[in-house]
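Chains as they are written, first to last, in numbering that gives the first Met the number 0: chain A, 0 to 65; chain B, 0 to 131.
Worth flagging that the hints you see were computed from the coordinates, not collected in a lab. Values in this document were obtained by computation on a predicted structure and should not be read as measured data. Where is the CB? At the ideal position from N, CA and C, for every residue including glycine. Heads up, some of the hints might be wrong.
[Said to hold, decoys possible] For lysine-lysine, the following PhoX-like pairs were computed, each having C-alpha atoms within a straight-line distance of at most 20 Å:
| no. | chain 1 | residue 1 | chain 2 | residue 2 |
| --- | --- | --- | --- | --- |
| 1 | A | Lys23 | B | Lys49 |
| 2 | A | Lys54 | A | Lys1 |
| 3 | A | Lys46 | A | Lys36 |
| 4 | A | Lys23 | B | Lys64 |
| 5 | B | Lys64 | A | Lys36 |
| 6 | A | Lys23 | A | Lys5 |
| 7 | A | Lys46 | A | Lys23 |
| 8 | A | Lys5 | A | Lys46 |
| 9 | A | Lys46 | A | Lys1 |
| 10 | A | Lys3 | A | Lys46 |
| 11 | A | Lys23 | A | Lys49 |
| 12 | B | Lys2 | A | Lys23 |
| 13 | A | Lys5 | A | Lys49 |
| 14 | A | Lys54 | A | Lys3 |
| 15 | B | Lys64 | B | Lys124 |
| 16 | A | Lys5 | A | Lys54 |
| 17 | A | Lys46 | B | Lys64 |
| 18 | B | Lys68 | A | Lys36 |
| 19 | A | Lys49 | A | Lys1 |
| 20 | A | Lys23 | B | Lys3 |
| 21 | A | Lys36 | A | Lys3 |
[To be verified] Anything over 10 Å on all C-beta distances counts as not near chain A; from chain B, calculated:
| no. | residue |
| --- | --- |
| 22 | Ala19 |
| 23 | Ala20 |
| 24 | Val21 |
| 25 | Ala34 |
| 26 | Val46 |
| 27 | Tyr77 |
Read off the chains here:
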Amino acid sequence: MKNKLKVLRAMHNMTQDNLAHAVKVTRQTINAIENEKYDPSLELAFKISKLFNVKIEDIFNYDLKL
Amino acid sequence: MSKKEQIYTVIRLVISFLIAAVMGFALVTRNLTGAVIILFAGLFIFVFIKRRYKDIVITDERTRKISEKSIAGAFWIYIVCIVLANISVIFLGPLDLEIIDRITPAVHYITYTFFFLIFLYEALKYYYMNKM
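Pulled out of the complex, with its shape left as it was, chain A reads as follows:
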């Protein structure tokens, strides 16, 4: 899943460690999400969107082909 997490994190001047601590996951998880190796759960996606005060779809972009 494509995402703008790295950009948003940079805009808020946060490190992976800071973000991980804020949403209570490991730094490795944030790194995996940024590198599109891991898709976060809905709960984690909501936590991140709430933290950055943006909509989920503004961070995560899932190309669903129906």
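Assemble the complex: chain A is given as a structure, and chain B must be docked to it using the hints.
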């Protein structure tokens, strides 16, 4: 990994190693009471350390998913190994080799554990199907 996380990881590893070594020794010397005491003491120490370092996130949804995938992988590898072991015993049995006589009971025991594992899997699957 922060300094605090590194310290926590090292403490956990050292304590796990010590508990395993002491428990192993207690079991080898057939001191079952000692082994149980050490096990509970170890659990108590882990709880104590966990409380002291409670702000450190060690497990999260990704690590749980990794764990689930690893368990599923290990389960299927175990099944394939048991099937291969049984096939070997069936096909090599008529050759009347000494080694086959020695490994056959072990293969049978492992096969019984396989059936027990399948039973547990199905029971838990049924439980979670109704729960989730």
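Numbered hints the structure breaks, given as an ascending list | none
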